[in-house]
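Q: One letter stands for each residue in the lines below.
4 protein chains.
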Amino acid sequence: MALPDIQANHPDIQINLTRVGVTNVKKLVEVSRGEKRPIILISTFNIFVDLPKNIKGANLSRNFEAIDEVLEEAIEAPVYEIEELCSAVARKLLDRHEYASRAEVQMQSEYIIKRKTPVTDVQCQEIVDIFADATATRENGTNLRRRIGAEVVGMTTCPCAQEIMRERASDELLRLGLSGDKIATFLRNVPMATHNQRGRGKISIEVSDGVDVSLDEIIDIIEESMSSRIFELLKRVDEASIVEDAHRRPKFVEDCVRAMAKLVVERLTNLPDDSVITIMQTNEESIHRHNAFAERVATIAELRDEI
Amino acid sequence: MALPDIQANHPDIQINLTRVGVTNVKKLVEVSRGEKRPIILISTFNIFVDLPKNIKGANLSRNFEAIDEVLEEAIEAPVYEIEELCSAVARKLLDRHEYASRAEVQMQSEYIIKRKTPVTDVQCQEIVDIFADATATRENGTNLRRRIGAEVVGMTTCPCAQEIMRERASDELLRLGLSGDKIATFLRNVPMATHNQRGRGKISIEVSDGVDVSLDEIIDIIEESMSSRIFELLKRVDEASIVEDAHRRPKFVEDCVRAMAKLVVERLTNLPDDSVITIMQTNEESIHRHNAFAERVATIAELRDEI
Amino acid sequence: MALPDIQANHPDIQINLTRVGVTNVKKLVEVSRGEKRPIILISTFNIFVDLPKNIKGANLSRNFEAIDEVLEEAIEAPVYEIEELCSAVARKLLDRHEYASRAEVQMQSEYIIKRKTPVTDVQCQEIVDIFADATATRENGTNLRRRIGAEVVGMTTCPCAQEIMRERASDELLRLGLSGDKIATFLRNVPMATHNQRGRGKISIEVSDGVDVSLDEIIDIIEESMSSRIFELLKRVDEASIVEDAHRRPKFVEDCVRAMAKLVVERLTNLPDDSVITIMQTNEESIHRHNAFAERVATIAELRDEI
Amino acid sequence: MALPDIQANHPDIQINLTRVGVTNVKKLVEVSRGEKRPIILISTFNIFVDLPKNIKGANLSRNFEAIDEVLEEAIEAPVYEIEELCSAVARKLLDRHEYASRAEVQMQSEYIIKRKTPVTDVQCQEIVDIFADATATRENGTNLRRRIGAEVVGMTTCPCAQEIMRERASDELLRLGLSGDKIATFLRNVPMATHNQRGRGKISIEVSDGVDVSLDEIIDIIEESMSSRIFELLKRVDEASIVEDAHRRPKFVEDCVRAMAKLVVERLTNLPDDSVITIMQTNEESIHRHNAFAERVATIAELRDEI
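Chains as they are written, first to last, in our numbering: chain A, 407 to 713; chain B, 407 to 713; chain C, 407 to 713; chain D, 407 to 713.
Check each hint, because a few of them may be wrong.
Chain copies aren't distinguished; within one or between two, either way the pair holds.
SDA-like, lysine to any residue: derived pairs with alpha carbons at most 20 angstroms apart [claimed, not checked]:
(1) Lys432 <-> Asp535
(2) Lys432 <-> Arg635
(3) Lys520 <-> Glu478
(4) Lys668 <-> Ser507
(5) Lys520 <-> Ser620
(6) Lys520 <-> Asn430
(7) Lys432 <-> Glu516
(8) Lys641 <-> Cys530
(9) Lys641 <-> Arg574
(10) Lys432 <-> Ile445
(11) Lys588 <-> Arg572
(12) Lys520 <-> Asp626
(13) Lys608 <-> Arg497
(14) Lys588 <-> Glu569
(15) Lys459 <-> Val671
(16) Lys588 <-> Glu578
(17) Lys498 <-> Thr543
(18) Lys432 <-> Gln514
(19) Lys498 <-> Cys530
(20) Lys432 <-> Cys530
(21) Lys520 <-> Ile446
(22) Lys641 <-> Gln529
(23) Lys641 <-> Arg502
Keep in mind that the hints were calculated from the coordinates and are not lab data.
With the sequences and hints as input, model every part of the structure.
A: Here you go:
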């Protein structure tokens, strides 16, 4: 029996659709990376094409099949970086959907990093959230923009409350007879208390096809821009070291975003001028139930001009 | 003691910030609406201003205070519609932050609607998710764009699987000796089985200040565009009626978006041409673990041209 | 037409069911409290009865109706405390379901508290999560057990890291020539740095029907047992005061649970010996991505014995 | 410098704690399974010990280290089933914490299954949620109870609405002149419409140490007990087959639980009488915003008696 193909019909209401597809598709992704250890992820995908006004449906029942097949192929191929995966899927989607002018693939996943504790040098695992998108458009051949990024948890300490605590310490030491010079030395060597908390830094970088962006570099920039990295495992001397370091580098939510922006400009020197950089920091304030937030969205050219 | 004001300092890294503020601020909101019953909501707010490169911090400690005070004032004033609330806050934020060129307020909430069951006419409550944003910018005085919208759960039935089931029924009735005419009558009167599921329709409408957009109308358009509304309470005759109605109006995810677009054009005739309409439909497919999704983003002028 | 009533049939597989019902039912709840301002909540309910082996279905289509009607009645009645609401629903459910031997109602909600900032005395709102359950059983008449509780966010500071920082400060001040006595005075007056974070304390109290438990008292005990309360709005002197207070009362996750247990024993003196107390503390450690957790489950009689 | 060890101090408030530990610890888990392909998971762990009243803290800073080390060892060992992992950690925790009388390890993860589409036999991936717990207690040596389970999404179709639709079809066919016999044949061969939706079945099985419980068997029982399995990828003939099958096996939420209970009794014949079985079904009703729910908690001996 030939099954009816309703999706090929003309729709009653003829309007264009910007995106038609599937969301929350979970897949086991294995990314081989040449010499490095392969990355294994459970990733969640959203996959879309646009749909012209005269076509009723993107044939989602067939579409699922196409998408899945493409994903399987992409997974088995020797893909070298995660954002390549989305590009490959987006390109193939456009091949299969002759009516579509645009295909979009979004991926997000948890990603495990191995690292050593700061003082005792014991190995532990950290989890970061990573994401990659790719959009293929059909204009003078196939054009492709892609985006890659990460969100990482670290620790931030508040400069404002710390400054007040420094003044209290200073007043007290003055009262106890310590000289101004020695008070300054003390405050330089022993950082004072303040509220501190989990911060979440996030960077996404959107580039044209063919531009390399290192995910490991992005993760490193995010962590370096907070008051301190955090660790799943900390022996007591490690904990003391983290607390002291974090209190020596107090940072407002604004400071974290600016620090990330500066490091992006300094380290990602290969980015073309039209690369779009989105940088966000969310601090889960220990003195409030709400969060503090800062964000910068700009082209790398704009950031280069400002710094 | 005069407390140090670190936020007023010049920052070490001088770059502009697009958004600085607070997220996940929960507030009890009371919106008086003239003759209608007041609306009481527990709303979650995100509130931002931009920050020029030469200022270290948006003084979040003071900023929280300003925001809160503004919110309290706005709540106590006889505000008439929910999106007015965000506009009022955005405008006042810009007044207080002389350095900012842009202020942005986002709000989301659960909103309770009372309605009657379709056959038995019993009153029940439904919950919808609503949201409103406002962005005030300082250019030739204060400009304000605002956005209001809702996400509503309804029921969608799949036309494709139903068409296959209709053919099976037709073949079987033919085999049992029923005439083609009578088969057609039967299939017209008794809708065949298909997979069906919760769908979530979402419309947001962005307009300039001063343009009225009715939230109740938006909710109505979303519900009317799915295969059927849903109800918390259904007696057995109501349930039968809903199931039958939904199976008489099978809809792809694409159909729902197109139906919403058509109704927006037909019913929101007062919208200026540059109003931006975002329409989304997500179907939580009962035959898959993933969702089907469709979206249209366009100005109302573009939609009017197409329909 | 008489509609078929499938639920009344005998099931193919005859086994008893512990719970049959509905979950995630959202309702607007208005609780009048005599002289106090009425409480308005959007609450989420789960509502169950048990089902004997010989009945096919709990007639959920009718059951929804019963539940809703009962809830509406309960809402309109002059209920005085939130946990009374669940008891009333549980009791009525048992009346309506002659085959059920047990009815269970669970409710959770966000609850808004008004309070003043610690130094500047400005009013602000805080949100806490509250919950109540009631279970009615049919044994020698109707028996009722009920549970009420809250989860509140506060601030906790780590005693361990602080002790290390105290030693560093002490060593440094000794090196700078300050006497032991004066160092002790300094450390008594100026609390040293440590990691601190959002903590979430939770208490639930299960009692027989007719025993009063004050939700406001529970919330107060939870907040008092952490290093400091937190506030949505803090002027700079308030922030300094909170940070200093929290650093004067460093608390392990275990300390918070023990402090809550002690206050429950001291303040809830009316609780019968068989009241079941569950106390939990979760600290969202600022130096880790994971949380620290402690819990005590005991009857009040057991806690009274230990303290 | 010898760091101070505050956790070893006597606490001010001396009460026992039921659980002290860490929650939301994410780890890459590799489970080798002899001849089968190794399982790779990103798992979330909660790990606790109890704490006697005279000890201030469970030394979480050291405890983290112990836990991590134990987990690493457990991961590298040739563990054969996932629940073995938790048992191994629980046992080792008890060895290390001489003061603890009880250690508890909870794990949850997403788990990927490969399967073929029902008609077209194309391979696709499905994701299920799995969990395992183990509790070790020190009484006459070490006793261990463990629990393993899964939650799987499938499709459920409502018998009640379908029965009504069958009557409508029957009435209409009678009106069109079809004989009663032929109507019965038709309704036997072509299942009528009803509402259907995603259902989530869940089984957990708690046993003493040394009793084997197959996770794959549990998953299979859950899926078989709903109206139909679901698939990420369905060609159109597969979709038709799924819809038809699901409509031939309409199931109330109660039916799903009873079907699971029956299959557990029939297939898990090796379970000792005191094994505790928890079975739950949640249907995300397409005609409501709330869910239908049923549950049975019983020992396997009780279930065997009833069936």
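Q: For every hint, state whether the structure bears it out.
A: Hint by hint, here is what the structure shows:
no., hint, in the structure
1, Lys432 <-> Asp535, "both (15 angstroms within a copy, 12 angstroms between copies)"
2, Lys432 <-> Arg635, "between (30 angstroms within a copy, 17 angstroms between copies)"
3, Lys520 <-> Glu478, "between (28 angstroms within a copy, 12 angstroms between copies)"
4, Lys668 <-> Ser507, "neither (37 angstroms within a copy, 23 angstroms between copies)"
5, Lys520 <-> Ser620, "within (17 angstroms within a copy, 32 angstroms between copies)"
6, Lys520 <-> Asn430, "between (28 angstroms within a copy, 18 angstroms between copies)"
7, Lys432 <-> Glu516, "both (12 angstroms within a copy, 10 angstroms between copies)"
8, Lys641 <-> Cys530, "within (12 angstroms within a copy, 40 angstroms between copies)"
9, Lys641 <-> Arg574, "between (31 angstroms within a copy, 17 angstroms between copies)"
10, Lys432 <-> Ile445, "both (16 angstroms within a copy, 16 angstroms between copies)"
11, Lys588 <-> Arg572, "both (14 angstroms within a copy, 18 angstroms between copies)"
12, Lys520 <-> Asp626, "within (13 angstroms within a copy, 36 angstroms between copies)"
13, Lys608 <-> Arg497, "neither (27 angstroms within a copy, 29 angstroms between copies)"
14, Lys588 <-> Glu569, "within (18 angstroms within a copy, 23 angstroms between copies)"
15, Lys459 <-> Val671, "between (43 angstroms within a copy, 16 angstroms between copies)"
16, Lys588 <-> Glu578, "both (13 angstroms within a copy, 10 angstroms between copies)"
17, Lys498 <-> Thr543, "within (12 angstroms within a copy, 42 angstroms between copies)"
18, Lys432 <-> Gln514, "both (10 angstroms within a copy, 17 angstroms between copies)"
19, Lys498 <-> Cys530, "between (39 angstroms within a copy, 19 angstroms between copies)"
20, Lys432 <-> Cys530, "between (27 angstroms within a copy, 11 angstroms between copies)"
21, Lys520 <-> Ile446, "both (14 angstroms within a copy, 16 angstroms between copies)"
22, Lys641 <-> Gln529, "within (12 angstroms within a copy, 42 angstroms between copies)"
23, Lys641 <-> Arg502, "between (55 angstroms within a copy, 16 angstroms between copies)"
Consistency with the previously given hints fails for numbers 4, 13, ordered from lowest to highest.
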